[in-house]
Structure formats: structure tokens, C-alpha cells
Amino acid sequence: MTAKLLTPSEHNFRQSAALPFVDIRVTRDSAACFQKHTHDEFSFGVIDSGRAAYTSQGQHYAIGQGMTVLINPGSVHACNPAKGEYWSYRMLFVDTGWIGDLQSETPGFGSLDYTPFAFNLLGDAKTKSSFDQLYQQLNIADPLGAEEALISFLLNHGFPNVHAQALIRDDRAVRMARELIQDCLCETFSLEEIAKQVGMSRYHLIRRFQQIYGQTPHAYQLDQRILSARQQLKRGAKLSELANQLGFADQSHFQRVFKQRLAVTPRQYQQAFLNH
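First residue of the sequence shown? That's 1 in the UniProt record's numbering, and the numbers climb one at a time after it.
It is possible that part of the hints are untrue.
With beta-carbon atoms standing in for the labels, derived distance ranges [said to hold, decoys possible]:
1. Tyr213 to Ser129: 35 to 45 Å
2. Pro107 to His11: 37 to 47 Å
3. Arg267 to Ala53: 49 to 59 Å
4. Cys186 to Leu121: 39 to 49 Å
5. Ser129 to Gln59: 51 to 61 Å
6. Glu187 to Gly108: 43 to 53 Å
7. Pro160 to Gln245: 15 to 25 Å
8. Ser252 to Gln15: 14 to 24 Å
Below, a list of computed lysine to aspartate or glutamate pairs in the DMTMM-like style, where the Cα atoms sit at most 25 Å apart [to be verified]:
9. Lys234 to Glu193
10. Lys128 to Asp23
11. Lys126 to Glu41
12. Lys238 to Asp223
No lab work stands behind these hints: they were computed from the structure.
Small disclaimer: the values here were computed from a predicted structure and weren't measured.
All C-beta atoms in this analysis are idealised placements derived from N, C-alpha and C, irrespective of residue type, glycine included.
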């Protein structure tokens with residue numbers, strides 16, 4: 001097969017719209033090969049199509065569509081498409097210091113600067129689905145949702161052998177977090193900001209909030225925003241202004257979240273009441 005000329009559009013690099021400590025790489029239909037190398041960051045990603053040979057920490061793997069690779073900082077690795085074939089993948093690069101800080105506030109981790117990934121490769125559909133959800137959040141200017149998705153992915157898939165021995169049962173702090181979200185629906189809080197205000201770790205806040213209210217803080221925030229939107233739409237609020245007033249990244253983000261919960265668009269919902 002004749003070598004395919006690579007174009008700039010095949011290799012896209014950018015910073016997350018939500019979390020500045022996360023870089024994103026998207027490569028499409030590429031035959032490019034890499035020599036063995038390392039990264040300063042924790043990196044992980046999903047193979048979207050094609051086959052490749054993956055070497056990490058002296059282990060060799062044949063990988064393909066749907067598989068998730070995990071690479072520790074400083075780990076020598078290489079990942080190259082099968083001979084004569086093209087492949088596509090999405091990778092995330094997360095600042096090592098940020099992960100070290102997350103681990104330091106999470107029970108079960110040791111006293112090292114950071115704990116490495118437990119695996120080099122994961123091939124289950126649940127991990128792929130979690131990565132897809134995380135990737136979508138990282139491309140929206142919504143730091144609470146993105147940080148929550150990142151922490152959940154890391155603690156459920158990257159470091160699954162580390163479990164909290166005891167959850168913080170500080171229900172008062174969780175109620176304070178709930179009230180903060182309710183009182184400041186238009187604010188784009190990060191998970192870290194909420195956790196600091198109520199005196200809990202980010203990990204415990206997510207876990208305990210979901211136990212009490214059945215939703216994560218971000219899901220609860222979106223739900224409360226939609227409840228407010230419904231009331232304002234009934235009163236004839238302008239759609240062009242409502243998304244910004246309620247703290248959504250943009251109007252398309254507002255419409256998508258609204259439709260996910262009511263199966264109709266904000267305009268359809270509003271017109272139904274105004275016509276009636």
C-alpha cells in the first residue's frame with residue numbers, strides 16, 4: 001500500500017475548554033509511527049478505528065477499536081498502526097501535579113507524589129463509554145461537569161483498586177453544597193471550589209452527594225437549571241438570553257440538556273404553553 005500523505009487536519013491538539021490542565025489530541029486515519037518516548041503527564045485514550053501495536057512498561061499488546069490505553073508519567077511506550085493500515089484515536093494528557101493533589105485528598109492512596117495507573121490497557125465497553133462522556137464534557141466550557149467526569153473516570157477506571165475505607169458522613173456539608181448550587185445557578189463553579197467552601201474532598205463530595213440526592217453535584221446543577229428554565233419559559237422568557245442567565249456554556253448546550261430531560265426543545269416547550 002502506498003504511504004498516505006499526512007495532512008494537518010489528521011493531528012489536532014488543543015487545550016480542554018473546561019479544564020486548562022488537560023490537553024487533548026485527536027488523530028484521524030493516520031499511518032504515522034512513533035519511536036519509543038515518554039510523557040510528563042498521565043495520558044490515556046481510546047482507539048476509535050483501526051489496529052495498532054502498543055508497547056508500555058516492557059509489555060506488548062495488539063490493540064484495536066474500543067480499547068483504552070493508559071500511560072503513566074515517564075513510562076517508555078510506543079503505539080503504532082498495523083503495517084499498511086490507518087488508525088484513529090483520541091488521547092487526553094492530564095497534569096501529573098493535579099492528579100497527585102487529587103490522590104492526596106482521597107483515602108486509600110499512599111504517601112508518594114502520585115500513584116500510577118493500575119493497568120496499561122482496558123478493553124471493556126464500560127470504560128469506553130465513560131471515556132466518551134468525559135471527552136464530551138471536556139469540550140464544553142463547564143468546569144464542574146468536566147472535573148466531575150474526570151475524577152469519576154480516574155477513580156473508577158484508572159485507579160480501581162483504591163477504595164475509600166470510610167465515607168465522610170458530614171451531611172451538613174453536603175447540604176451546604178446543595179444550597180450553594182441552588183443559590184448560584186448561573187455561576188460556573190468548579191468542583192474544587194464547591195468542595196473547599198463546604199470543607200470536603202472532591203471525591204467524597206461526589207460520592208456522598210449522590211448517595212443523599214441521587215445525583216452528582218453537576219447533574220443536580222443541570223437539573224435545577226432546567227427547573228428554573230421551565231418556569232421562565234412559561235412566563236415568556238427569551239430563549240436567546242436564558243442560556244446565559246442560567247450559566248450554560250452556550251444556547252446549544254442549554255437546548256441539548258433541556259431535551260435530554262423533557263424530550264422536547266425549549267422552544268417547543270414554551271410554544272406549547274403560550275399557544276395554550
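Outcome of the hint check:
1. A C-beta distance of roughly 23 Å is found between tyrosine 213 and serine 129, which places it outside the suggested range of 35 to 45 Å.
2. For the hinted restraint 37 to 47 Å between proline 107 and histidine 11, the CB-CB distance of approximately 40 Å keeps it satisfied.
3. Here the CB-CB span from arginine 267 to alanine 53 is close to 50 Å, well matched to the stated 49 to 59 Å.
4. For the pair cysteine 186 and leucine 121, the beta carbons lie near 42 Å from each other, so the given range of 39 to 49 Å is met.
5. Checking the proposed 51 to 61 Å range against serine 129 and glutamine 59 shows it is violated: the Cβ atoms sit about 25 Å from each other.
6. A hinted range of 43 to 53 Å is violated for the C-beta pair glutamate 187 and glycine 108, which are about 31 Å apart.
7. Between proline 160 and glutamine 245 the CB atoms are about 40 Å apart, so this pair departs from the stated range of 15 to 25 Å.
8. One distance hint, 14 to 24 Å for the beta-carbon pair serine 252 and glutamine 15, holds here, with the actual separation near 21 Å.
9. About 33 Å separates the Cα atoms of lysine 234 and glutamate 193, which puts this hinted pair outside 25 Å; it is violated.
10. At most 25 Å may separate the alpha-carbon atoms for a hinted pair to count; lysine 128 and aspartate 23 meet this at roughly 19 Å.
11. The hinted pair formed by lysine 126 and glutamate 41 meets the criterion: a straight-line CA distance of about 24 Å does not exceed 25 Å.
12. Taken as a hint, the lysine 238 and aspartate 223 pair is honoured in the structure, with Cα atoms around 20 Å apart against an allowance of 25 Å.
Violation of the numbered hints given earlier is confined to hints 1, 5, 6, 7 and 9; the remaining hints are satisfied by the structure.
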